[in-house]
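Visitor: Protein chains in written order, with the working numbering: chain A, 276 to 457; chain B, 717 to 1047.
Just so you know, these hints were derived from the structure itself, not from any lab. Among the hints, a few may not be true.
Claimed, not checked - Derived, one-sided and incomplete: chain A residues facing chain B with beta-carbon distance under 8 Å: (1) Tyr309; (2) Asn321; (3) Tyr342; (4) Arg396; (5) Val399; (6) Asp453; (7) Phe454.
Glycine is no exception: its CB is placed at the ideal position from the N, C-alpha and C atoms.
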Amino acid sequence: MTVADPVDRLLATARGEPVNEPFRVTGVMVQYYYVCKRELWFESRNLEIDRENATVVRGTRVDETAYSDKRENLHLGMISLDLLDDGRVVEVKPSSTLTEPAEMQLSYYLWYLDRVADIQRDGVLAHPRERKREPVELTTERSEKVETAIRGIHDIVSQSSPPPAEEKPFCDSCAYHDFCWC
Amino acid sequence: MDRNYHVFSDGRLERSDDTLRLVPDDDGDKQYIPIENAEAFFLHGQIDFNTRLMSFLNDRTVALHVFGWEDYYAGSVMPKRGQTSGKTVVNQVRAYEDSQHRRQLAAAIVKGSIHNMRTNVVYYNGRDHDLDSVIEDLEAAAARVDESLPIDELMGIEATAKKAYYRSFNQILPSEFQLTQREYNPPPNEINSLISFGNSLVYANCVSAIRATALDPTISYLHEPGERRYSLSLDIADLFKPVLADRVLFRLVNRNQISESDFETELGSCLLNEAGRKTYTKAFEEMLERTVEHPTLNRKVSYQYLMRLEAYKLKKHLLTGEAYDSFQRWW
């Protein structure tokens, strides 16, 4: 079956329906879509990030240690999320500097749970190092924004080459920095 | 970037709790080596090790490069690759199979290699040596490099350039240390031996650099794939030999830091002895730690990291189609 709209293709793929070209979007892809489209393209090509990168090490550490007593890891098709004991979906981030990308990543999880598994949940964006938490709800407006992002992601990853490098304030801490600019 | 450790003595390298221990054969003191900041170990002596050590090095992603008889590179024990990407390998093979693409990459490597040889000659030309004719020959060779040429002709151009380049060694170096001509297997005199040893260190460092990417080390463009050992490493090493190995050689010999007593001469062969290898590797490691301001990364990078960047550049080119410009010394 040929499905034209990337959103429908993603849903069909997630539900295990037969699709000619399966289309998958992970949470991190949504995040990268808002952070850096070149990074998104690299990620879609399974380019390994530099695990020795200081920012990556810090992020992994925060992710592994925060809320370790309460969290459960839930793998659901193309997403993998953390659920806290009150049943809310939590996305743990080391810092709150890039809010929109993290919010959209979490919104995507909520959207995915709703559309694929028919599970309605609220979300929390947690910045344990800052002792800050921020609720995220899946409103109609947010749902639409998620779907627009999915179509945008599809456009980027189906290009045969990545968008050109663009200097951004956070480039220095990116795990693809040297690969991108060398 | 982590550092390399060279082991010259004979003995046993073993895991001891959470670090490494070298137990020399001659009942000397046990030495503890911090693994935390190790990139690779270079084993020059006769070393025993066991599977426990291998697993430990594997966990810490540290490589072992082994040098055997006459200090020829014998092989590497690499950590189980942390980086894999089928797509990278597929694109690597595609570029090789597409003769136009392969020639383009091979030409870029030859161009960079000649440029880096030329930089050395120009440097010494300004220091009381008359090397104008070598520079002319190198420029003539560089001018012949063209992406449309078959690989064997590109190889030929590089060989011609190298020949001219090695002519300059006899002027740069004192009269008691002459190259006469480049020979290896085994090297017949001191300078040949130093070149061979330095080149094998550059080569092994390139093996480590390539392994940090998902590139397959056997698929190469200038050298024939798998022709000898890791041929992609030979491609990349060609760019770095003049910058690393040859500069170390000139400096050590001209400053009398290496003398005839650092060699063992036997019938038809001349090789660095342990003291000589120690002196050389020390200077070589210092060279790897030198830094230079990188034009696009906006920070200083070590000479060692330049090899890693070269592997990144090639991988980026293969995956994105963005242009590949080979490493050409810019400072």
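Visitor: Now, for every hint given, state plainly whether the structure supports it.
Guide: Status of the hints after comparison with the structure:
no.: 1; hint: Tyr309; in the structure: violated (21 Å)
no.: 2; hint: Asn321; in the structure: holds (5 Å)
no.: 3; hint: Tyr342; in the structure: violated (27 Å)
no.: 4; hint: Arg396; in the structure: violated (35 Å)
no.: 5; hint: Val399; in the structure: violated (33 Å)
no.: 6; hint: Asp453; in the structure: holds (6 Å)
no.: 7; hint: Phe454; in the structure: holds (5 Å)
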